[in-house]
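Chain G: place on chain E using the hints.
Number of protein chains: 2
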Amino acid sequence: MQRIAVDMDDVIAAPLPKHLQLFNQRYNDNISINDLQGRYLTELRPHLEKEILDLLAEPDFFRDLDVMEDSQEVLELLDREYDIFIVTAAMELPTSFSAKYQWLEKHFSFLNKQNIVFCGDKSIVDADYLIDDNPKNLEVFKGQGILFNSPYNSHVEEFKRVDNWKDIKSYFIDNKK
Amino acid sequence: MQRIAVDMDDVIAAPLPKHLQLFNQRYNDNISINDLQGRYLTELRPHLEKEILDLLAEPDFFRDLDVMEDSQEVLELLDREYDIFIVTAAMELPTSFSAKYQWLEKHFSFLNKQNIVFCGDKSIVDADYLIDDNPKNLEVFKGQGILFNSPYNSHVEEFKRVDNWKDIKSYFIDNKK
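Residue numbers (numbering that gives the first Met the number 0), protein chains in the order written: chain E, 0 to 176; chain G, 0 to 176.
Mimicking BS3-like on lysine-lysine, the simulated pairs with C-alpha atoms at most 25 Å apart in a straight line are: (1) G:K17 <-> G:K105; (2) G:K49 <-> E:K112; (3) G:K112 <-> E:K141; (4) G:K135 <-> G:K165.
Just so you know, these hints were derived from the structure itself, not from any lab.
If you're wondering where the values come from, they're calculated on a predicted model, not measured in any experiment.
This is chain E alone, in the form it adopts within the complex (with noise of 0.2 Å):
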């Protein structure tokens, strides 16, 4: 059976819109997900950098993210004829591993807990296929990278890139068909 990796953080869980919301109303600003084309929040507001990156240091950051659209079903269809595991670059943010597991068992409680790596490296990650929104973890990965599309990530040309999960269902399900 094959193997499909699939990050986190805006690929199945939504910390973007959280972050600029909570961000905005911090520090009294006003920038949209349209604002960020290209670009991170710290590259916008470099001044800010050490507040932004606190915010997702926050215990319970990560524990009440939305789910990105679609995710759930086509995870759930995928974990039929793929071996499904959920890589995430938690030791960035050593704060968030116990809201990222409970976020998982309460979203995706389908998948083999088993299955749930928190590492830092992706160039650890033995699998078919990883779905990602940062290219710096595609390019460290051995199979097959896909570039899940992202506000930030928009300049990138190197990767095959998806714009949602219906595209992620088409490239692995309706296309093999």
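Here is chain G on its own, set in the frame of chain E:
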């Protein structure tokens, strides 16, 4: 650079003596490490299986474990010539995440935090070597498996066995000179 994946429990950290001591103390028993040759504690006291596993799930259990003899010195040496990853099956005990991370920060601060992996099924690990005390993890690993000696794996014969960290140093460094 070749990559060595290193398990935590009973390889660089010593949960076994603490687990046994806690068990004897709480359940008024007198089991020694020698009683565990080829057997797990849960096999010796099957009627207390849940209680035995619950001891490990206490959030602080992994916080103050002893460091396995010579593991720091040898890993610091190996770290110069190999890419070292710490790979621990933490998903069985989600309550252990923080304690395990803090223990690594304290005792193996020289290792790159991006090279820590909390996982379940270790078949996801892409490395040249895996040093582990659990034969189940070595069975699913595609590289060279190295079994770290422990009382309960004393009957296992399928893998290259090392008795301690001096053996590991010989295997990776002394033998290559």
